[in-house]
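There are 2 protein chains.
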Amino acid sequence: TKSEMKQGFGSSGAVVVATLGALNEFFQTGINKEKIYNLGCKTIWEVQGYGSGIDIAAATYGGIVKFLKGEIPEKVEFKDFPIVVGNTGFKAKSKPIIESVQVFEKKYPEVFESIYDNIGQLTKRALQAFKENDLETLGELMNINHGFLYALGVSSEILEKLVFASRKAGALGAKLSGAGIGDNMIALASPGSEKKIAEAIREAGGEPTVARIDEGLKIEEVK
Amino acid sequence: TKSEMKQGFGSSGAVVVATLGALNEFFQTGINKEKIYNLGCKTIWEVQGYGSGIDIAAATYGGIVKFLKGEIPEKVEFKDFPIVVGNTGFKAKSKPIIESVQVFEKKYPEVFESIYDNIGQLTKRALQAFKENDLETLGELMNINHGFLYALGVSSEILEKLVFASRKAGALGAKLSGAGIGDNMIALASPGSEKKIAEAIREAGGEPTVARIDEGLKIEEVK
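Residue numbers (this note's numbering), protein chains in the order written: chain A, 832 to 1054; chain B, 832 to 1054.
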């Protein structure tokens, strides 16, 4: 897995997995993806001290991954679809964001628990939409999900600019990605609208990248 | 009640209540506020064909009103606090917005029911915050509430601009008001920050009004 993003889109997870994959190849240890995933999680927990491991799962398995903390990630079948990533240009530090959410969570436990429940329900529904290749529903779920993340307090002015610019340019859905506040948002493009969305993101002050869902860890060449 | 807003902040409700109040005074019918509230609701239902009646309640009773559809509105005790209203300049029609929410509600009934539940919980908590004059909590509740409204699909680019501009300028909380998409947002000002918030709203493209919570229907002069 290569990462050309300079900031905040699971790049540290990607680097960890790529390094583990390269070492695995070099030493011919022959460990499988599940083991690489576990080692990757161990690495980020030791270095960062936190993290769900979802970045490691995405980088290891690629594609669309069903991720539940404490369970082995599962690959989800899907048809190829275009996404546009919009970088806010603002590097948000995950740790203080997570901590500020935790402060609110302590003060409003029922509300926050309900938001987490809802996000879980939306995700289940999204799995179904992936299976049915129902991009319209997927986009709606992304928009609703973004609203819940907003309620948690992790959206920002620049994220909203990029999210609304994408929607106006024809995105079926748009949401922040990761811990929020800065870093990236992603938009689900309706067929053929990638370029228009990318331009809209750039005009709104973001750095767009038209992307496709790729496979995970792979060895491209060994000399 | 006077309304200097030219659009979308319960002005039609205010006009209805003011007219009923004037007629009541003129004909010396001596009906009380509860009766005026009921007549006001009847009027908007006949003219608009919809409406919760909350605008009528606010215009009749003034101050802070606890409003539950089908129940007589209750006045809530509070200490005076400053709010800044930001007009988006965009007149949103309530009916199509409500209808588009209903379409989503049909498709995602559990999620939308949960959002309504949460909004109800936040409102109960807000009543307590009013009693305790806990403006900080009130602001947080406004922000969370706005997130839920966003999840319903009724925020917009311009509303987000004004909401984030207000927060950055020192508002304790900010949220859309009414049906959303356009019309107005309101910001709860921290003491002394009204002017700064008003300026920020203007810079962000909105029309600010620094306001205070006033009493409801009153007869100012009879000649």
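If you are wondering where the hints come from, they were derived from the structure by calculation, not from laboratory data.
Mixed in with the good hints, there may be bad ones.
Pairs count within a copy or across copies, as identical chains cannot be separated in the list.
Said to hold, decoys possible - Each computed DSSO-like pair below joins lysine-lysine, with the alpha-carbon atoms no more than 30 Å apart:
(1) Lys937 <-> Lys999
(2) Lys922 <-> Lys873
(3) Lys910 <-> Lys924
(4) Lys999 <-> Lys864
(5) Lys897 <-> Lys937
(6) Lys937 <-> Lys866
(7) Lys1049 <-> Lys999
(8) Lys910 <-> Lys1027
(9) Lys962 <-> Lys924
When the structure is checked against the list of hints, which entries are broken? Sort them ascending.
Violated: hints 3, 4, 6, 7, 9.
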